[in-house]
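Residue numbers (my numbering), protein chains in the order written: chain A, 1 to 248; chain B, 249 to 567.
For the record, the hints were derived by calculation from the structure and aren't laboratory data.
Virtual Cβ for every residue (Gly too), placed ideally from N, Cα, C.
Don't take every hint at face value.
[Said to hold, decoys possible] Pairwise CB distance ranges, derived in the manner of DEER restraints:
#, chain 1, residue 1, chain 2, residue 2, range
1, B, Pro533, A, Gly106, 51 to 59 Å
2, B, Ser311, A, Glu218, 26 to 34 Å
3, B, Gln566, A, Pro88, 54 to 62 Å
4, A, Lys152, B, Asp438, 42 to 50 Å
[What the hints assert, rightly or not] Listed below are the simulated DSS-like cross-link pairs for lysine-lysine, each with C-alpha atoms no more than 30 Å apart in a straight line:
#, chain 1, residue 1, chain 2, residue 2
5, B, Lys524, A, Lys161
6, A, Lys152, B, Lys439
7, A, Lys198, A, Lys50
8, B, Lys435, B, Lys564
9, B, Lys304, A, Lys223
[As the list claims (entries may be wrong)] For the chain B half of the interface with chain A, some residues (derived, Cβ under 10 Å), not all of them:
#, residue
10, Lys304
11, Thr389
12, Phe405
13, Gln495
14, Ala540
15, Ala565
Chain by chain, the residues:
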Amino acid sequence: MKILVCISHVPDTTSKINFSDNNTKFDTNGVQFVINPNDEFGLTRAMWFKEKQGASVTVVNVGGAETEPTLRKALAIGADEAIRVNTPATDGFSVAKQLANVISNGGYDLIIAGRESIDYNGGMVPGMVAALTNANFVNNCIGLEVDGNSAKATREIDGGKETVSTSLPLVIGGQKGLVEESDLRIPNMRGIMMARKKPLNVVEPVDASAETSSVSFEKPAPKGAVTLVSPDNIDELVSLLHNEAKVI
Amino acid sequence: MSVLVYTESEQGAFKKAAFEVASYAKAVANQLGTTVTAVAINVNDVSALGNYGVDKVLNISNSQLDNFNANAYASAIKQAAENESAQVVVVSSTADSKYLAPILAVGLNAGYASNVVEAPSNTSPFTVKRTAFTNKAFETTQINTNVKVIGVSNNAFGLVEQSGSASAEDFSPSIPELGVTVESVDKATDKVSIADAEIVVSAGRGLKGPENWGMIEELADVLGAATACSKPVSDLGWRPHGEHVGQTGKPVASNLYIAIGISGAIQHLAGINASKVKVVINTDPEAPFFKAADYGVVGDAFQVVPELIEKLKAFKAQQ
């Protein structure tokens, strides 16, 4: 089985978010970048397939050279090779078109992406990739088994979960549950050394226009001070929620 | 030319999100000087949509669509959009709508903006405001394509009632190969889901152990709320993953969010930031959550929560 894991290069979850250039650009100053958490669950599941069932694992990112450390980290975790499509990730649709091109050239059976990136939260790349490549698609995937050409997946739905059967080629939008948090791997020294020698192929983009463009950013208005209620006066809290906040 | 809206349903009845996206579609239609057409799939009575500005309903009845299937639903909506020559297609942010929207966008060769929180600030160029960086910021996005798909954030635009009535027409789209077949559904029918909930009661490690969740569930019951938890609690296996809210869990956009024994890590606060009113109960007055909350109680959850349940019961009895 040939697995492609799509890796988004995102600010660490603890990052403070700021903008520069008159609020038109994300300010990367002092920001630590990581593998998008939803993608990392998928990468770890891909490693499981590689080790238990036999599979090759390629990781791919659409972005500039600054994303290569993130791809190297994925190689250190155990992916066999990496591809970087050499173009900035401008919007979800154009990224999906670049990935679809990588997939049609590489002939992958299983494409694992995160259900959304934690930076732009578009939540569109996996579904668009599936639609562009005519592959089956399971979103919010929290469990995946592959047997030959058929697959069984569990997806989270509002208020529960659903088990589905499908077949390869398959795209999944993965998230926590694909593997547990405790299954995530921290690259060891040997992995880091080996990752330096693994291929990281830079490919040039296909012509794909961005269908949406970012105009500007703003941060939410600062919150007013909290109204403290004494633990001996819970009646007041109920009254505030009813009369002032009007939420009960 | 009308604005098309997909009004989602469950067991033959519209979800609340359906009325919210209909309200949103009406606002867009007013800006464009056109009408609203809704697509409804296997809904028994579509007349309620008239109260939210829908002029016409394309009513699809097809047993192949009894179970949600993203490909089939996206295809049906695409055919409806083409039928109406719609330039704007509006969907919600439920799990199912977020699943089908990217497929729909590819089918219509449309730019797609998700998590949109306001009516367009401009329709030429078409510009919307959406959340980004998991609610740590808003992004103003321009959609450059002729046809646009807009995913409206849950509970962001609200319901806008109109006096009107919707005409209904049967619509029979062709159904593509499903590709994915539902084998089983495991859904607690007696509980409110986090996505649908107006009120969410959430608890963290401050509760000390899974055996102490009885009072959280009781509080949720009294309020008709959904229960949720922090990441450490789900990682420890005290509560199911489906309850984890925050940056890598579920987003919450409820009217009221009550956090009990949750300190308020930046990732947690990001995930629940879209909630309108936040209440925090924590023993530690320095907990970061107090800076993000509207109302706070510095106190022991094991004392405050039972008291709150009692007071709420008395309050509900008076209502």
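Comparing the hints with the structure gives:
1. At roughly 55 Å, the beta-carbon separation of B/Pro533 and A/Gly106 lies within the given 51 to 59 Å, and the hint holds.
2. Separated by about 47 Å at the C-beta atoms, B/Ser311 and A/Glu218 break the suggested range of 26 to 34 Å.
3. Between B/Gln566 and A/Pro88 the beta carbons are some 59 Å apart, a value that agrees with the proposed interval 54 to 62 Å.
4. The hinted range of 42 to 50 Å is not satisfied by A/Lys152 and B/Asp438, whose Cβ atoms lie roughly 27 Å apart.
5. At most 30 Å may separate the alpha-carbon atoms for a hinted pair to count; B/Lys524 and A/Lys161 meet this at roughly 27 Å.
6. Taken as a hint, the A/Lys152 and B/Lys439 pair is honoured in the structure, with Cα atoms around 27 Å apart against an allowance of 30 Å.
7. Between A/Lys198 and A/Lys50 the CA atoms are separated by roughly 16 Å; this keeps the pair inside 30 Å, and the hint holds.
8. Distance restraint check for B/Lys435 and B/Lys564: the Cα-Cα separation of roughly 28 Å lies within the 30 Å cut-off, and the hinted pair is therefore satisfied.
9. Distance restraint check for B/Lys304 and A/Lys223: the Cα-Cα separation of roughly 41 Å exceeds the 30 Å cut-off, and the hinted pair is therefore not satisfied.
10. The interface hint given for B/Lys304 is violated, since its Cβ lies 27 Å from the closest Cβ of chain A, which is over the 10 Å cut-off.
11. A least Cβ separation of about 5 Å between B/Thr389 and chain A falls short of the 10 Å threshold, and the interface hint therefore holds.
12. Of the supplied interface hints, the one on B/Phe405 is violated, with its beta-carbon coming no nearer than about 17 Å to a beta-carbon of chain A, more than 10 Å.
13. A least Cβ separation of about 5 Å between B/Gln495 and chain A falls short of the 10 Å threshold, and the interface hint therefore holds.
14. With 10 Å as the threshold, the beta carbon of B/Ala540 comes within range of chain A, its nearest partner Cβ sitting at about 6 Å, so the hint holds.
15. For B/Ala565, the interface hint is violated, since its Cβ never comes within 10 Å of a Cβ in chain A; the closest pair sits about 12 Å apart.
Checked against the numbered hints given earlier, this structure breaks hints 2, 4, 9, 10, 12, 15; the rest are met.
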